[in-house]
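Chains as they are written, first to last, in our numbering: chain A, 1 to 280; chain B, 1001 to 1203; chain C, 2001 to 2286; chain D, 3001 to 3295.
Hints are supplied without guarantee of correctness; some may be wrong.
[As the list claims (entries may be wrong)] Below 35 Å or equal to it, Euclidean Cα-Cα: the simulated DSBU-like pairs (lysine-lysine) are:
| id | chain 1 | residue 1 | chain 2 | residue 2 |
| --- | --- | --- | --- | --- |
| 1 | C | K2145 | B | K1193 |
| 2 | D | K3198 | C | K2058 |
| 3 | A | K213 | C | K2058 |
| 4 | C | K2243 | A | K161 |
| 5 | B | K1195 | C | K2277 |
| 6 | B | K1122 | A | K64 |
| 7 | B | K1018 | B | K1199 |
| 8 | A | K84 | D | K3198 |
| 9 | A | K139 | D | K3073 |
| 10 | A | K221 | C | K2145 |
| 11 | B | K1018 | A | K84 |
| 12 | B | K1195 | D | K3234 |
| 13 | A | K190 | C | K2176 |
| 14 | A | K275 | A | K194 |
| 15 | B | K1010 | C | K2277 |
| 16 | D | K3198 | A | K125 |
| 17 | D | K3025 | A | K139 |
| 18 | A | K84 | A | K73 |
| 19 | D | K3073 | B | K1199 |
| 20 | B | K1018 | A | K221 |
| 21 | C | K2058 | A | K275 |
In short, the hints are calculated from the structure, not lab data.
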Amino acid sequence: MNAIEIKNLSWRYERAENYAIEDLNLIIEENQFIGIVGPNEAGKTTLASAIKGIIPSEFNGIYKGTVELFGKKVTDCSTRELAKTVGMVFADPDSQFTSMSVEEEISFGLENIGCTVEEIDERIKWVSELTNIEELLEKPPYDLSGGQKQRVAIASIIAMKPRIIILDEPTSMLDPISKDMIFSLLQTMKEKLKLTIIVIEHNIEKLVELSDKMILVNDGKIEKYTDTDVFFQDIEFLDSRSIRIPGAIRFMDMIDKDKDDLPTVHLQDIVKTIKEELRR
Amino acid sequence: MSTQAVNVWKLEEGEVRKPGLSHFVMMALFTGIGVVVGTFGSLAIPLGYVTAFWPGQAIQAVGSIWYGAWGGIASFIFPIISNAISGSAPLPVSLAYIPGNLAQGIIAGWAFRQFAGDPRLKTAKDWALFLGFAIIISNIIGAGWGSTVLRWFGLIAPDAQMTVFIGWFIGNAVASAILGAVMLKFISPIVMKTKTFCKGYWA
Amino acid sequence: METKKIIEVKDLVFTYPDGTTALENITIDFYDGEFIAFIGTNGCGKTTFSKCLNGILKASQGSIVVNGIDVVHTKDCMELVKNIGYVFQNPDHQLFNNNIYSEIAYAPRNLGIPENEVRERVIEAAKIAGVSESIFEEHPFFEVKGIRQRIAIASILSLKPAIIIVDEPTTGQDYKQSIEVMEFLKMLNEKLGHTVIIITHEMDIVAEYAKRVIVMTDGKIISEGSVKEVFARAELLEQANIKPPQLTRLAQELKDEGFSPDIITVEEIYSEWKQIKGKNEIAEKA
Amino acid sequence: MDQTVKRKMHRTIIGFVPGESIMYKLHPVVRLSLYIATGILPLFIETPEISMLFIAIILILFVVANVNLNRLKIFTPMLITVGIIINLTYIFFPIRKEEGLVMFSLLGLDVNFYSTMWAFAIYLRIITLVLSSVFYFSTNRERDILVAMRTIGTPFVVSYFIGLALRSAGIFLEDYSIIREAEQARGLDVRNLSFLGKVKHFSMYLVPLFTLSIRKSDDISTGLFAKGTELTGKIDGVKRADYLRSKLRITNIDKAWLIAIILFTVTVMVVSITTGLLTIEGSWIFQSIEKYFFG
């Protein structure tokens, strides 16, 4: 089943001169891990907001076309239905933390979608173990580091068990190790929870390791939407769009310049391939 | 000088403004700001309940100019919290202050809408509205009410009410005129372009 | 070549008011014209350290001398500001003027510089930072984040400080913007001779631009040296919870094949690859 | 060893509460009712010695509750100025001066006996009230306040609003300290500023604070939308679950305390209204001073 189906979507913010998204079509199947890349202001966040229904509900502007989630138009969904279907985690962890303690932050969303106290209790236990925040449950927001806040933000969305989860630069404030933790959490989620996960990230090196498919958004349009290895076939094109190519992939590209098969993209596969090449 | 002032409160053609979650959030943020400013105002010059220098009234007035009734609600809630935190008024006194605090907020918002003042304080009329309604009249009512509350609770000698009233009025008015003018002059241009800015009382 | 010491830090200790020690006995020197990167996990003390350097935070013990000024004891914050500029991570914390021109002019005006020279400085700083003169009258609030960040940098540049510290210059920026900011800092460093210190989590950025790397953990400097030296010490980095850039890690995984553990660019790994491959082929033939 | 040491204090927006305290054994609603009781009772007590007893009890509570008494320091200047103001108003504007009980003259000003005694009684009363407020905020975290509010039936939207307001006060304070550093980094020296300069400088704190708040308000609203926020007490016609409250149940001991606090408060109120026991005239101090000056 298609998790997301976007048809001819255009959106222009009130007062803006140009369309942020123009005539965009996209189909994302269930249980996929999608990485979205592209320059800033290209329309990545706008696209995510349209999937989540924040656009057109929370912003004024001109909206054309349709966005369907599991066959139902977002514009026909109530806020609560949307919350149950799509979860979204934003870049700034501070403005997502609106309660006075971590457990309250997680329970707030669950109360909104009508969970009972017992359910909430269970889900908090489950999600805090999954995201490794058990120690933080009673803490207030100003007692947490940026990384901890980002984990709480993710936990509070996962707890709502949405079928689709969108993360908009979820690791912007984090050091490399904390970034790894978030990404391995995403990996676990994908495997265990059979979710559809969409991640917007500038850190392509990490996205590559997890994404089934990658989307390049540029200038309000989708310029490329393919399997991850196919995505890196044409490095010159990606360069022309100022997309950072992970060093190892660039190196592989230099090695098999004249080969036609798909590039190896995962770091461990690259290590293996190089070892094999050297033995040949 | 172009005196052809535009009425910033008039809806443009086809413009739809409706209250939403973002107004609620802005009200909470503004209340938080008021709590901080109010608490520090009370602690900075520690005169206890006769807060002779309390810039909090500026937050109240400006809040209702920018955010209409949302700012009005914030204007009577934040002093309860900031007074409790700074210990400058006990809970019962704080509750008794509510009508005065509401007046200190909402009069400014009403006057600017009623008489088409520009929050950016562009003309002499805007300044007159600001000083006349947002500062002088608001604080006369606020200080009048407040000093009466203090007398009820026996916290001042009944005959001292006039003196306390004058002290209160001057302290609040001077501090708030400065803070309020700075806020309106420097921040209104930004606030007015945001969607939470209220042209009416609720949106 | 003898270069001048520009920052001398001796036995620096910083303790927060609540009693937690953020920095412990740091002793290090920085030289004029260096390009330095501070790296380490969140909360390792790198930001605290850099704030001590320009006197925003007052060191609890020890001494810091910047260009001959005793940072810990000086009362003259102007003198200090002229020598060491600090760009905060979020530009919104430091933009407070009504238009972009006065934003950039703010610091030189604080120094009491005559208005015509202020104007020159503003124009120069804006030009270097890539802020167009056509938006001088605009309100900084309405610019996009990339521009706001440039304005923030320009507002520090107009002070012409010998040392510039930039906290997380590339956070939230896309690749192109990151490159632009970093190329710009590189230009300040190489062409204009500023000493540049960046605080960052992006190891690729460190590998490409920094000359010297300071690794911090729990308020201590646990490793320092050139980029290659530091990234080659895999175990030490692990201790600091830091991972070298992807290519370095690739080379380190291929150590047994003969790759050096301090590779940082694609060109290096490619030329080593050719060498090793060539050797293997010769060995096979023999 | 360091890792196992429990933290001595918990942070709140305005300061710290002790890490461990006997007060935490009580349900937040009991603590709130204690606050309300200690916030009302002093208004029914005129007798100085009983007010002093009350103050002593609150100070003992501070110690029992493990609160760092240093916290009281920031309130000292205020308590002193309040004392001065009360006394001045009652010296300059004496009450019951017609009785003509002048204790002594100070710089040509008659110091009226009854007025002074009254000022003293009122002053003690205000100290009691301030201390009870400080005590409440020194032993309750924000979440306790919210739980207590919800327990006494405050509508969800109100308690949520208060929570969000407190949260934003926290964000506001954090931003403020960063902005202060940023200004310093650009060579702002407040000491050298003229009055007008100081006013202008004031705006330099405000502008970034507000611009940040405006940006954040947008982010927070979309964040709340993303969580399917409903600010009503009912979801689908069913009462909204209250997780936080469910975690803290009211025990029988809590109930006993509640009843005791209410009974005590009501008793004191009744005694105060119906008898003369708690009036200033009934005070032993009042009577002795009266005797000393006027025989």
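A quick look at each hint next to the structure:
1. Between the alpha carbons of C:K2145 and B:K1193 the distance comes to roughly 18 Å, so the proposed pair stays at or under 35 Å and holds.
2. A C-alpha spacing of about 24 Å is found between D:K3198 and C:K2058, which places the hinted pair at or below 35 Å, so the restraint holds.
3. Between the alpha carbons of A:K213 and C:K2058 the distance comes to roughly 50 Å, so the proposed pair goes past 35 Å and is violated.
4. Pair hint C:K2243 plus A:K161 holds up; C-alpha atoms about 32 Å apart against a cutoff of 35 Å.
5. Only pairs whose Cα atoms come within 35 Å are accepted, and B:K1195 paired with C:K2277 is rejected, the gap being roughly 63 Å.
6. Between B:K1122 and A:K64 the CA atoms are separated by roughly 40 Å; this puts the pair beyond 35 Å, and the hint is violated.
7. Between the alpha carbons of B:K1018 and B:K1199 the distance comes to roughly 10 Å, so the proposed pair stays at or under 35 Å and holds.
8. Under the criterion of a C-alpha separation no larger than 35 Å, the hint pairing A:K84 with D:K3198 is inconsistent with the structure, at around 51 Å.
9. Proposed proximity of A:K139 and D:K3073 is supported: the alpha carbons are some 27 Å apart, at most 35 Å.
10. At most 35 Å may separate the alpha-carbon atoms for a hinted pair to count; A:K221 and C:K2145 meet this at roughly 22 Å.
11. Pair hint B:K1018 plus A:K84 holds up; C-alpha atoms about 26 Å apart against a cutoff of 35 Å.
12. For the given pair, B:K1195 sits about 28 Å from D:K3234 by alpha-carbon distance, which is consistent with the 35 Å threshold.
13. At most 35 Å may separate the alpha-carbon atoms for a hinted pair to count; A:K190 and C:K2176 meet this at roughly 30 Å.
14. A threshold of 35 Å between alpha carbons decides the hint, and for A:K275 with A:K194 the separation of about 34 Å falls inside it, so the pair holds.
15. The straight-line distance between the Cα atoms of B:K1010 and C:K2277 is roughly 76 Å, outside the 35 Å bound, and the hint therefore fails.
16. Taking the CA atoms of D:K3198 and A:K125, the gap is near 52 Å; set against the 35 Å cutoff, the hint is violated.
17. At most 35 Å may separate the alpha-carbon atoms for a hinted pair to count; D:K3025 and A:K139 meet this at roughly 18 Å.
18. Proposed proximity of A:K84 and A:K73 is supported: the alpha carbons are some 14 Å apart, at most 35 Å.
19. Pair hint D:K3073 plus B:K1199 does not hold up; C-alpha atoms about 45 Å apart against a cutoff of 35 Å.
20. Distance check on the hinted pair: B:K1018 and A:K221 sit about 31 Å apart at the alpha-carbon level, within 35 Å; holds.
21. A distance of roughly 53 Å separates the Cα atoms of C:K2058 and A:K275; the hinted pair therefore is violated under the 35 Å criterion.
Violated hints, listed in ascending order, are 3, 5, 6, 8, 15, 16, 19 and 21; each of the other numbered hints is respected by the structure.
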